[in-house]
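Engineer: Sequence:
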Amino acid sequence: VVGIVYAAKGGLPAVIWTDCLQAFIFLGVGLYSIFFVIHSAGGVTSVWELLAHSGKLQIFELRWDLFNADFWRSPYTFLGAMLGGFTLGVATHGTDQDNVQRMLAGRTSLQGRLSLVVAALLEIPTAVIFVTLGSVLWVFYQQPGNAPPLVRGSVYPYFIRTAVPEGLRGLFVAGILAAAMSSLNSVLNALASVSLTDLYIPFKRGIRAGCVERGSEDYGVA
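This note's numbering applies: residue 1 is where the sequence shown begins, and numbers increase by one.
Note that these hints are calculated values from the structure, not bench results.
Quantities reported herein were computed from a predicted structural model and do not represent experimental measurements.
Positions of the beta carbon are idealized from the N, C-alpha and C atoms, including for glycine.
One or more of the hints may lead you astray.
Simulated restraints, written as ranges between beta carbons of each label pair [what the hints assert, rightly or not]:
{"no.": "1", "residue 1": "Met82", "residue 2": "Val5", "range": "39 to 47 Å"}
{"no.": "2", "residue 1": "Gln111", "residue 2": "Arg63", "range": "41 to 49 Å"}
{"no.": "3", "residue 1": "Pro75", "residue 2": "Gly11", "range": "35 to 43 Å"}
Put together the whole structure using the sequences plus the hints.
Structural biologist: Below is the structure:
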């Protein structure tokens with residue numbers, strides 16, 4: 001509700017500036033969460049050794065068993081990453097109105113192109129931060145006495161609720177809300193722009209054109 005209010009009141013400038021602030025919040029909370037979990041799990045050395053011993057530090061799965069059914073079931077192969085990344089990139093940077101909005105926000109075509117390049121580059125450290133957070137959370141729940149949640153998708157909220165001191169919980173929750181609001185508001189603004197430009201304005205012009213045509217016929221004007 002808050003996001004809808006300031007997006008409707010301030011338009012794209014409000015979305016841009018609040019997104020900047022929210023990005024600093026959730027990236028900062030992500031980095032702080034990594035150091036907090038590492039400290040809670042016994043330090044950098046123990047975390048690194050457990051990740052290395054369990055094979056969690058392997059970045060690429062370079063096997064090419066194209067005629068093996070298990071190869072196509074695995075979501076971590078290098079080929080799958082390339083095909084999936086290409087398809088997702090075409091979708092997000094070719095047809096996604098959220099990215100089109102970034103280009104249109106620039107004053108020149110150069111600024112529009114730079115917006116996509118900068119956004120693509122910033123996705124790399126963002127992904128590294130939260131993949132690292134997931135890895136260190138895995139280490140944390142390998143420690144004796146740390147029972148992980150039953151639902152895999154709720155590990156981070158469960159960690160906040162059960163392991164983070166009360167004074168820090170608000171900061172961690174603010175990071176989650178910042179990530180949610182920044183994603184939601186830019187999409188809402190993009191959808192509003194598309195709805196207005198592609199649906200409402202052409203529909204309104206069609207009504208006006210029909211009225212003018214009928215009026216011209218009533219008065220005998222060709």
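Engineer: Take the hints in turn and mark each one as holding or not.
Structural biologist: Do the hints match the structure? See the list:
1. Between Met82 and Val5 the C-beta distance comes to about 42 Å, which sits within the given range of 39 to 47 Å.
2. For Gln111 paired with Arg63, a C-beta distance near 43 Å keeps the hint of 41 to 49 Å intact.
3. Remark: the range hint 35 to 43 Å for Pro75 to Gly11 is upheld by a beta-carbon distance near 39 Å.
Against the hints set out earlier in the document, no violation occurs for any number.
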